[in-house]
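Engineer: Chain by chain, the residues:
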Amino acid sequence: MSQGFHLVVCGSIVPDPLQTLEPIQGAEGPALKNEMMLPAVLDPWAGHALYEAAHLAAATPDSKVWLVSLGPRAKLQQLMMTIAPKAAFELVALDGPAGGFTEAWETAEALAECIKTIPGLDRSRLLLFGGCASASRDAGVTMQMVGERLEISDQFLAVDELTPQENGTIRILERIEAGRYQVSECAGPPLVAAWATGRLPEPPNNAQLGMQNMRSIMPALQKAQPARVGAEGVEFLEVEVPKQRRNTRVVEDASVDEMAREIVEWIRK
Amino acid sequence: MENPAHVERQVLPVDIACVGFGPATGGFLSTLSRALADGDPAFESRAVPGMPLQVVCYERADDISFGVSGVATRAHGIRESFPDLDPAQIPMAHPVGHEKLVYLLDPLGTSRRSATLRGLDRTLRALRRILPLHDEALELPWIPGFMRKENGLLLSLGQFNAWVGAQLMGSGQVQVWPGMPVSEPLLEEGGVAGVRLVDQGLDAAGKPESGYMPGMDIRAALTVIGDGPVGAVGQRLDEHFGLPEGNLQRDWAVGMKMVVDLPEACVLPAGTVLHTIGYPEPEIFGFLYVYPNNTASLGIFLPSWLHSPVRASYRYLQHWMQHPYVWQHLDGGTMRSWGAKTLQESGRRGEPHLVGDGYARIGEGSGSTNVLTGSGVDEAWTTGTLLAEGVLELLAQKRPFTRENLEAAYVQRRRQSWVEKEGRVAEHARDGFQLGFVRGLLGMGLAGLTRGRLHLGGRPRRAREHVPTLAEYYRGRIPAAEIESIRETCASSGTPLHEALMERAGWPPVRYDGKLLVSHQDALLLGGKVQAPPGYANHVIFLDPSLCEGCQQRLCVGVCSGQAITPGDGCGVPQFDREKCVHCGACLWSCTQAREGDPERGNIAFRAGAGGLHSAEN
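Chains F and S, in that order, are what the protein sequence lines are. The working numbering puts the first residue of the first sequence at 1, with every later residue one more than the last. The working numbering puts the first residue of the second sequence at 1, with every later residue one more than the last.
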């Protein structure tokens, strides 16, 4: 391969799902209580995309990773402190709302317009990565719409593996229905890969990498352009977060067999 | 695979490296970052020429908001840093309102009470017509001034840390890195030259695996240690340099708490502060602070000087919650969060060497907690601000961070501060508890009312010097042979011994309601959200197996806040399960087996580790 990849990863924050998440009706629509104070994590799907991109860039000379992140600037900064030590990237920040109450097409529009303006980005070498269900309330449409706006026709949704071949083509393992995979081979960039879980574990924290990243992250945050995204014209009638269901009963002297039988029955239901 | 002891490590030079992000480091970085943002004078980095001062902070937990404490504080130091502080800007914060100090009688007759205390209880019950006694409790008509928190604040430490951290990171002057445990200080030439981050990609035993990444050496002109009472760096410094002549670190407590959605019918207004004494054991203090939106922080403190080998904190917490006086406010409530931490209760008497060449210590691990006023967060915060003032002075004068310079710039400031003056008053305030609960209370009162001139009691003792064996403790109540039988039954069934013994001694079983009264493991999962990222070695180590095999008390098992330490196979060395550890560190100071060559330390090493509690509301 004569030229490396230009990898653009779209990824932003989600509230840490382990915290107490309480939907409220805010002045500008639905929100989470104390949202700005809740710990935020990188959207897990986008996390897989970022780690796969960093791995690919490290293995492919002359490659570079940009992370395009749309979210409240203060929360993005908090997020960067947890992901900057894990992967080498250059941040491109957009200051705007992120969460479950924005419309995918507005988000896609803002991301696509931002990507078009990245200095030095060669769109003929572009691998556009993101999470398969990110920023879409699980509809899985955002990356597709970003790709369309960038006029990329090769799109792969729910990707678990992406392997450049010796001949310059790219082999892609993609989830399809019924727990099966589809193997595709495309001529090369540009393409869209919306990642499912990928194959890589979360990288360890590298303090030096974190410091190096921060030298470009802080200026990027300061330059973050406001992004007008939301859900104009959409009315949320009811909002609730997924709830853990828990029914505790105190049963004394139950045998192991009885407990096992009850668990099996519960699973069957 | 390389041996971690000899591996080559990457080196990262910075100017100031901080260890641990809590209130002390929050105070330090807040003061420092404001001056750096002011830019007059501008401080250039010596570590990275051409760059501004490089200030980094490494926090062990996965997020800066995962600290544990329900806080009632006078907030002197915090308000000095934020004169316009609006509690409404910090979730769960509220001005202190009505305060009550309550003596809880024993409604079950199972509490371990002395004859004096039983007599007191009988007298109180006899006088119930003329005393404000209700729900098996006496609301004391007067709270000593030294205990009052009037004009103060109620805080969730996790939310306060998050609020402080957001401002710090927004300033762009300092970097706070969560999820980065620090394993040890870099000890060089009689001083500290920085810190080493923990190795990653290890198995539980500490052997490198495929993703092995040696912890980086962070070299710094100044290392600021604010890693709390059981932090690995502070411990190592104490081992290496010892404590100043006459100082002791023998008083500890484990604080176990919950954040609770109070029932709708609860009438306690936000700002209410309840402090309790007397139950479930006389020495166990309790607290309940009411936050806005009908939530509350509540919990107990189980002290090291409890003259009992039964240390089942969680079980005690449940019995405390079910005391009629407390339960009237909680019945129908729901747990939101749960956690536990160690408190260093030696206070000023446990002060380590505050400075040395290249390092300074702040916060709870530096002996700032005031055990008379029951306050630690504001004191810790203030030590951080005092250090920052000293550091800025040295930076402006272009003087190095030597012991002498830090003594003049930081220690002298601290000696002249209210933290020191009040710490001196409190220094011997709790010594009376070595002699019993009633004398302990009298001693506290005496020390408080005489500004520390008078107190009761003697030197604090090590755990092994005063904690009886289970057979000794239950003599006359449970035969020794039955204790052994219960021990064997619990070992074979994997159930906690201390709870079984409590039930045998008369404590009733806890009827779980699935909301507030839940099993210990449910509290870990639902409340603490405990996490243990892969790739890190076990951080609790039993150093000499033969000492564990001969141990009768096994306090480490009973006191473990997360049930992460279990008896192990065949009554040998206890087993440690990292996935349940909440990093409270209670095992460290509860061990009754003296480490060879160091009688002040037990047979457990409590090292730096990742993960633990994962709730932002504690």
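Hints listed in this document are in silico derivations from the structure and should not be mistaken for laboratory results. Please note: incorrect hints may appear among the correct ones.
[Stated by the list, open to error] Only part of the chain S face toward chain F is listed, based on derived beta-carbon distances under 8 Å:
(1) 63
(2) 169
(3) 170
(4) 171
(5) 177
(6) 242
(7) 285
(8) 614
(9) 616
Backbone N, C-alpha and C define an ideal beta-carbon position, used for all residues, glycine too.
Engineer: Taking the hints in turn, state whether each one holds.
Structural biologist: Hints, verified against the model:
no.: 1; hint: 63; in the structure: 4 Å, holds
no.: 2; hint: 169; in the structure: 5 Å, holds
no.: 3; hint: 170; in the structure: 6 Å, holds
no.: 4; hint: 171; in the structure: 10 Å, violated
no.: 5; hint: 177; in the structure: 6 Å, holds
no.: 6; hint: 242; in the structure: 30 Å, violated
no.: 7; hint: 285; in the structure: 27 Å, violated
no.: 8; hint: 614; in the structure: 5 Å, holds
no.: 9; hint: 616; in the structure: 5 Å, holds
The structure shown violates the earlier hints numbered 4, 6 and 7.
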